[in-house]
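Trainee: Protein chains in written order, with this note's numbering: chain B, 743 to 1058; chain P, 2 to 331.
No lab work stands behind these hints, which were simulated from the structure alone. One or more hints might be untrue.
Stated by the list, open to error - DSSO-like, lysine-lysine: derived pairs with alpha carbons at most 27 Å apart:
id : chain 1 : residue 1 : chain 2 : residue 2
1  : P       : 238       : B       : 1034
2  : B       : 876       : P       : 41
3  : P       : 176       : B       : 923
4  : B       : 882       : P       : 41
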Amino acid sequence: MESLGVLLAARIDPYLEAELDRRFKLFRFWESPPAQRREFLRENAEAIRAVVGSPARGADAEMIDLLPRLEIVANFGVGLDKVDLRRCRERGVRVVYTPDVVTDDTADLAIGLAIAAMRRICDSDRYLRDGSWKDKGDYKLTSKFSGKTVGILGLGRIGQAVAKRAEGFGCPICYCSRSEKRHTNYKYYPSVLELAANCQVLVVACPLTEETRHIINREVIDALGPKGVLVNIGRGPHVDECELVSALLDGQLGAAGLDVFEHEPHAPEQLFGLDNVVLVPHIGTDTLETSKAMADLILENLEAHVSNRPLLTPVF
Amino acid sequence: MASSSVPQGRPETERPQVLLLSPPSAELDEVLSARFELLKSWESPLPLDRFLATHAADVRALLVINLFTVDGALLDALPTLRFVCTTSAGVNHIDLAECARRGIAVANAGTVFSQEVAEYAVGLLIDVLRRVSACDRYVRRGLWPRGGDYPLGSKLGGKRVGIVGLGSIGSEVAKRLQAFGCPISYFSRSRKPQFPYTYFPSVADLAAQSDVLVVACALTHETHHIINKDVMAALGKEGIIINVGRGALVDEAELVKRLMRGEIGGAGLDVFEHEPAVPEELFGVDNVVLSPHVAMQAFESSSDLSRLTAANLEAFFSDRPLLTPVPLPA
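Kindly produce the complete structure, drawing on both the sequences and the hints.
Mentor: Written out as structure tokens, the structure reads:
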């Protein structure tokens, strides 16, 4: 049986790469220079029947169109915004992803970012390391996270996991979601603007779609206000980044903890001098344990596909 | 004498005197000045002993700010003192035995800071495991676009957390970490059956069954260096230590050695043995998170603290029970 030709769209994870290489016929997309990538795809189109993508690079319409033998797209992550789902559906291409295994790490990071931003953990570490504690005396007072109202945008698996953790800190929970989740006791707001006006810490945990692009706009940021905190563990384009930067520079927003940005790997340099932001390079699921779990899930899905067994975690 | 309401202001002649040896926050100053006459040693040109002899000969209450040491020598200079009130939860800077001997009552900040210290401990733990501060530095140095590799973090859920000292702070830490899926165990002077966590009779036993130790106990003669070489060895190479208690609870030199040699997984430290001095070998290390004794420094608690301090002083001067008395040695 012909070995499954797998195109790895980005350098996601060494273990995943090694296993794909061992079990299948691996094509590494980044090995060809950008100008020659269409050619690379054409040359290998006969062999490539699977694409493994990530938030860095997924399977867009152009790539899908250049791969006539494509049968399956495997997304390393639960966010599907880099996969052209419509094109996959049109072509009958299966799509699998990695839900559930990513939930805990992403929710943990959301809380970690909220505390780090409000309590200035990173900045006070810097204050200590650069000798200021000795030279300038005590660090300033910061803002407590416990007991603050947490508003969650998107109450899916990750949103609910964030809520459960925040409750341990005595935080009242409210949320905005496409539909009300009646099995929870949390207060529902039908719009993100009302949510922002009624919470102190807003966590973005919804999928990125056409409707949710720039859902956190200036109006929402202003509603959150000078004591408000924005935590983004969703996607950079959820937030109007220019407005966010300007609000933070002007003190119109209290603090922000950001794992994602509109133009990764570029984070806005204007924020680099601020003490009330925490900036991390899309590490929501970057733990040894979870990366392996995600990789294994991708591999099992691909194995199931080649053996004609049911896919474990299909999108469709 | 049922009323617990506090008069808003008293005529100057009636205000009881409270001695302060280091400056309070503006808020605390304002709240207390309305009800008490504050004797401020630092505002006088006299050396402390002359100031005390001249101006504090009859003072009955001392308010300790910023962990000022209260020892036998100081108490000798304050023969009429009957009450020491500290704005901290910890009392290791106060010689409790000397206070007991002289019939001096002591009050502390009770549980005013417990939630924010507990949340800070959790924040430090997430930071160490997920490399939040290290990654924040990485981004601010402009390294992300260059695509340099950085190590993966470690998942919090499922990590066995051992809490050293299941008091007010320790129990708030436990409550929070349970929600992250961490099994909780503890060591404490006595078992606490009201909590569903596993008790260990020694810190070394606790460490042997833990991936993370959170140190949240009081510093006393018995607990000095309670986190010692044996405990660190029992915790193991992947172990994490979070200290929000006092620096001297941990053998700092031993911890630094292990961190430099990769014999321990990492540490989140808010307190140090000789603050504000911090072992500089740690400054270049990415698997420690260091903070300048700020776990209790949140805005929201400062008004709680002012109210509590005023209430304790009022209680003392009215012969009523203190709100947050510190038990003294027999």
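Trainee: Need the list of violated hint numbers for this structure, in ascending order.
Mentor: none
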